[in-house]
Amino acid sequence: MKYMLLIYDNADTRELFFGPEGKALGEEIETLMAELTASGELVGGEALANPAQTRSIRPRDGAPVVTDGPLAEAKEHFGGYLIVDCDTPERATEIASRWPNARFAAMEVRPIMSVGSGQEM
Amino acid sequence: VRASNVEGRLRDLAPQVLAVLARRYGQFDACEDAVQDALLAASRQWPQQGMPEHPRGWLIAVATRRLIDEMRADRARRVREDAAAEPEDGREPPPGEQPSEGDDTLTLLFLCCHPALRTPSQIALTLRAVGGLTTAEIARAFLVPEATMARRINRAKESIKASGMRFTLPPEAEWPERLNSVHHVLYLVFNEAYVASAGPELQRIELAEEAIRLTRMLHRLIPDDGETTGLLALMLLTHARRAARVGPDGALIPLWAQDRDLWDRAAIAAGVRLIEHALSSAPIGPYQLQAAIAAVHAEAASAEETDWRQIVSLYTLLERLAPNPIYSLNRTVAVAMADGPAAGLADLAAIEGDERLAGHHRVDAVRAHMLELAGDRERAADAYRAAARLTTSLAERRYLESRAAAL
Numbered sequence: 001m002k003y004m005l006l007i008y009d010n011a012d013t014r015e016l017f018f019g020p021e022g023k024a025l026g027e028e029i030e031t032l033m034a035e036l037t038a039s040g041e042l043v044g045g046e047a048l049a050n051p052a053q054t055r056s057i058r059p060r061d062g063a064p065v066v067t068d069g070p071l072a073e074a075k076e077h078f079g080g081y082l083i084v085d086c087d088t089p090e091r092a093t094e095i096a097s098r099w100p101n102a103r104f105a106a107m108e109v110r111p112i113m114s115v116g117s118g119q120e121m
Numbered sequence: 001v002r003a004s005n006v007e008g009r010l011r012d013l014a015p016q017v018l019a020v021l022a023r024r025y026g027q028f029d030a031c032e033d034a035v036q037d038a039l040l041a042a043s044r045q046w047p048q049q050g051m052p053e054h055p056r057g058w059l060i061a062v063a064t065r066r067l068i069d070e071m072r073a074d075r076a077r078r079v080r081e082d083a084a085a086e087p088e089d090g091r092e093p094p095p096g097e098q099p100s101e102g103d104d105t106l107t108l109l110f111l112c113c114h115p116a117l118r119t120p121s122q123i124a125l126t127l128r129a130v131g132g133l134t135t136a137e138i139a140r141a142f143l144v145p146e147a148t149m150a151r152r153i154n155r156a157k158e159s160i161k162a163s164g165m166r167f168t169l170p171p172e173a174e175w176p177e178r179l180n181s182v183h184h185v186l187y188l189v190f191n192e193a194y195v196a197s198a199g200p201e202l203q204r205i206e207l208a209e210e211a212i213r214l215t216r217m218l219h220r221l222i223p224d225d226g227e228t229t230g231l232l233a234l235m236l237l238t239h240a241r242r243a244a245r246v247g248p249d250g251a252l253i254p255l256w257a258q259d260r261d262l263w264d265r266a267a268i269a270a271g272v273r274l275i276e277h278a279l280s281s282a283p284i285g286p287y288q289l290q291a292a293i294a295a296v297h298a299e300a301a302s303a304e305e306t307d308w309r310q311i312v313s314l315y316t317l318l319e320r321l322a323p324n325p326i327y328s329l330n331r332t333v334a335v336a337m338a339d340g341p342a343a344g345l346a347d348l349a350a351i352e353g354d355e356r357l358a359g360h361h362r363v364d365a366v367r368a369h370m371l372e373l374a375g376d377r378e379r380a381a382d383a384y385r386a387a388a389r390l391t392t393s394l395a396e397r398r399y400l401e402s403r404a405a406a407l
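For the record, the sequence lines run as chains B and C.
For the first sequence, position 100 (counting from the first letter as 1) is numbered 100 according to the numbering used here, and the numbering increases by one without interruption.
For the second sequence, position 337 (counting from the first letter as 1) is numbered 337 according to the numbering used here, and the numbering increases by one without interruption.
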């Protein structure tokens with residue numbers, strides 16, 4: 001089963017990761033990524049650039065309108081994701097709990113919809 | 001020579017060639033790489049230049065040469081000297097040195113499905129080493145990047161190397177347990193083809209057919225093993241419904257609504273023959289029971305004319321033999337069909353507290369179906385919608401929404 005692990009940042013975490021403590025945090029991430037790569041569970045993942053560079057598109061009177069900046073003034077914003085293919089949801093949750101953001105902002109584990117033909121009913 | 005003929009022949013030969021190398025040189029991981037290289041070379045050369053007179057010998061010779069080159073590159077002195085003394089001309093080893101092809105393939109299956117390996121690695125290695133598929137093909141079938149699949153295969157080979165496992169048949173006392181994991185791997189490959197994989201229809205069917213091919217091979221090697229026979233029967237009986245289970249628009253068609261004229265009668269006859277033989281001659285097991293259930297469905301002219309009471313007894317036996325809440329859930333459906341929706345709902349109420357079923361969309365889907373049978377349209381529609389929200393399959397979601405909308 002494939003899961004997306006959504007990594008959230010808040011105003012402090014981004015600075016934290018690029019600040020003096022960042023090296024140790026980066027090493028934690030590297031260790032975890034190496035483990036997931038070696039186990040064949042890692043399917044993909046990306047980190048997002050600073051949310052200040054976001055362009056948002058929202059409907060206005062039914063038509064899309066583009067604005068600079070994130071959708072809303074949120075305390076936490078989406079910072080990146082991993083896709084893992086795990087035997088159990090517990091394993092996906094364990095991986096998310098070990099990602100450093102789980103100690104500072106938030107992580108979410110979401111099952112990915114499969115586009116296959118589904119279980120016969 | 002047609003490329004598809006070459007491919008079929010290569011995949012039949014793949015496990016035999018690997019077994020010869022692994023037995024001669026040990027070093028399963030290096031042998032497996034060498035055989036893949038040889039298969040690749042053959043798939044390029046044979047369609048153009050024609051099949052060699054002794055395809056197996058050709059592959060053994062090319063794979064051996066690759067292996068020796070690799071050993072030399074590794075500067076493994078002792079191994080290199082041993083290897084250099086080996087024939088490189090494709091001669092078959094003398095008969096005394098050669099166990100039967102059957103034992104070889106069985107040994108290989110046991111090794112690839114060794115319980116010490118993680119399940120995704122077992123699956124990947126089995127498809128490559130026994131099935132002769134490339135890493136790219138396996139990755140496509142399982143919808144993961146090739147690098148991910150390559151890691152799973154490497155990890156499996158590293159575990160085999162680290163544990164010092166040898167290329168020999170395990171003692172017979174260990175066979176039942178070891179066969180369990182072989183069956184599980186083959187079942188998962190088949191299931192993946194049916195439920196999870198996307199991509200063109202053709203690709204899914206190929207993975208299912210690969211699972212059937214490997215299971216048939218295993219069945220030929222141990223025809224008296226009831227669970228192997230049961231697994232093969234289960235696959236044939238399920239695969240027989242392939243043309244009926246998806247509509248022209250890709251929509252999921254449930255068993256009760258399928259056009260039974262589209263079922264593959266030859267596959268059903270073969271499956272029924274296998275399961276009848278297994279049930280009358282071998283100790284019973286979970287795959288045989290699942291095949292027996294599939295056979296009862298296959299032989300019924302319609303959902304209404306199905307022997308639901310027999311299905312209830314088969315599921316009851318299955319639950320006792322291999323406790324699994326999904327079997328219990330399926331039993332409640334058969335109870336509803338045999339004794340009416342009220343009996344089914346009562347049965348469902350008794351099991352739905354099982355925490356292993358918590359949040360599972362099938363509980364709501366089953367409840368919806370029973371409420372619909374009972375004529376409680378409003379609550380049925382609610383239950384279908386609840387199930388639709390919980391499923392992680394797009395096809396199932398569409399099907400469940402359509403049931404709710406039809407009420």
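One or more hints might be untrue.
[Said to hold, decoys possible] Stretch by stretch, here's where chain B covers chain C in the computed footprint (C-beta under 8 Å, at least three residues):
{"no.": "1", "segment": "111 to 123"}
{"no.": "2", "segment": "249 to 258"}
{"no.": "3", "segment": "305 to 318"}
Treat the hints as calculated values from the structure; they're not laboratory data.
Note that the Cβ used here is the ideal one computed from N, Cα and C, for glycine as well.
Structure-based check of each hint:
As drawn, the segment 111 to 123 of chain C meets chain B at 4 residues by the rule of a beta-carbon pair under 8 Å; at three or more, the given contact holds. Closer than 8 Å: that is the beta-carbon criterion, and the segment 249 to 258 of chain C has 4 residues meeting it against chain B, so the requirement of 3 holds. Requiring three or more residues with a Cβ within less than 8 Å of a Cβ of chain B, the coverage given for the segment 305 to 318 of chain C is violated, as only 0 such residues are present.
The structure fails hint 3 only (numbered hints given earlier).
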